[in-house]
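Asks: Let the hints inform the model, and build the full structure from the sequences given.
Residues in the sequence shown are numbered consecutively from 1, following the numbering used here.
No lab work stands behind these hints: they were computed from the structure.
We put the beta carbon where it would ideally sit given N, CA and C, even for glycine.
Treat the hints with care, since some could be wrong.
Across the chosen pairs, the derived CB separations fall in these ranges [claimed, not checked]:
1. P248 <-> P16: 34 to 42 Å
2. E99 <-> D44: 42 to 50 Å
3. R212 <-> G47: 25 to 33 Å
4. Y68 <-> K45: 37 to 45 Å
5. F170 <-> A236: 33 to 41 Å
6. Y96 <-> T19: 35 to 43 Å
7. N149 <-> D174: 17 to 25 Å
8. D254 <-> K45: 24 to 32 Å
9. P248 <-> F22: 46 to 54 Å
10. A145 <-> F22: 29 to 37 Å
11. D124 <-> W194: 23 to 31 Å
12. Y197 <-> A236: 21 to 29 Å
13. L2 <-> W194: 49 to 57 Å
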Amino acid sequence: TLGDFLRIIEADDFDPDRTAFFMPTAQGPCRFGQYGPYLRQLLDKMGYHNLPIISPTSRNSYDDLARYGRPFVRRLWRGIVAGDVLLKMLLKTRPYETEKGAADAAFEQALGVVEQPLQDPSLDTRTCLAEMATAMERARELYEAVPANYTTDKPLIGVVGEIFCRLNTFSNFDAVRRIEAHGGEAWLSDVAEWVFYTSWSHKDDLKRQGKRFSLSMLGVKIKDVIQRKDEAALLAPWQEHLVGYEEPHDIYHDVLRPGWP
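Replies: Quick look at the structure:
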């Protein structure tokens, strides 16, 4: 992960006074919990003592982000959902394109379209969601315009593993494109899956602490409802395109429980 941060620092337009790095963390033996502290050490050695690192923890389902304002948290979540969908559509489209590079071009254009309402500070929470839903419709049209021949002879291959490794092409040796080059269609576990898992884990921790009926538990459940509502609004324009590609709806019953020994 350090390579990506260093690339930003070494860019010609890098301005430390207008930059903050986002690197969440987690507890336990997982190396994820070491990313933020090590990045801090490196930045300090390079002289960037005042460059902030926003590092919420999965221990409380990233509730630390609330100090930046609830609207910020909702925009962050919406960005995750939108990014997941646009990537899924890229993976679903690119193996079948008849004009090389057309799917990648549609993906980049779609990102730009969706980013506009997401980064507009003048939009209130409700208007931002409505504008993003409209942007998702325009993004869908970009993908639909990609020349493609959707055959049924390609195997669908799931790519799982640690989030950064499966999403960072340098770290995984561009595994998705290698799969596609060999005639397959790849499918990645999305980032939203991790967010839903941390939410379930937070509720499980509260139960273990005897806080099943507490304000903390109520807060987590309210957040779940809001996240699902926003997700549904952003997924609506893509429903017919994602038939057969649905993600597990319940992390516990669909993923965790079946995986127990």
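Asks: Assuming the hint says 25 to 33 Å, is it satisfied by the Cβ distance from R212 to G47 or not?
Replies: Violated, at about 49 Å.
Asks: Is it true that the C-beta distance of N149 to D174 lies inside 17 to 25 Å, as the hint says?
Replies: The hinted range 17 to 25 Å holds for N149 and D174, with Cβ atoms some 23 Å apart.
Asks: A range of 29 to 37 Å was offered for this pair. Does it hold for the Cβ distance of A145 and F22?
Replies: holds, 33 Å
Asks: Could one say that the CB atoms of F170 and A236 fall in the range 33 to 41 Å?
Replies: holds, 34 Å
Asks: Just tell me: holds or violated, for the beta carbon distance of P248 and P16 against 34 to 42 Å?
Replies: With Cβ atoms ~41 Å apart, the hint holds.
Asks: Should the hint that Y197 and A236 are 21 to 29 Å apart at their CB atoms be regarded as holding?
Replies: holds, 24 Å
Asks: Does the Cβ distance between E99 and D44 fall inside 42 to 50 Å?
Replies: The hinted range 42 to 50 Å holds for E99 and D44, with Cβ atoms some 48 Å apart.
Asks: Given a hint of 49 to 57 Å, does the C-beta separation of L2 and W194 actually sit inside it?
Replies: violated, 21 Å
Asks: Holds or violated: 24 to 32 Å for the Cβ distance of D254 and K45?
Replies: violated, 44 Å
Asks: Would you say the C-beta atoms of P248 and F22 sit inside 46 to 54 Å of each other?
Replies: Hint violated: Cβ distance 26 Å, outside 46 to 54 Å.
Asks: Hint says 37 to 45 Å; check whether the CB-CB distance for Y68 and K45 agrees.
Replies: Roughly 27 Å apart at Cβ, these two residues miss the hinted range, so it is violated.
Asks: Is the hinted range of 35 to 43 Å satisfied by the C-beta distance from Y96 to T19?
Replies: Once the Cβ atoms are compared, 39 Å apart, the range 35 to 43 Å for T19 and Y96 holds.
Going through the hint list in order, the structure does not satisfy hints 3, 4, 8, 9 and 13.
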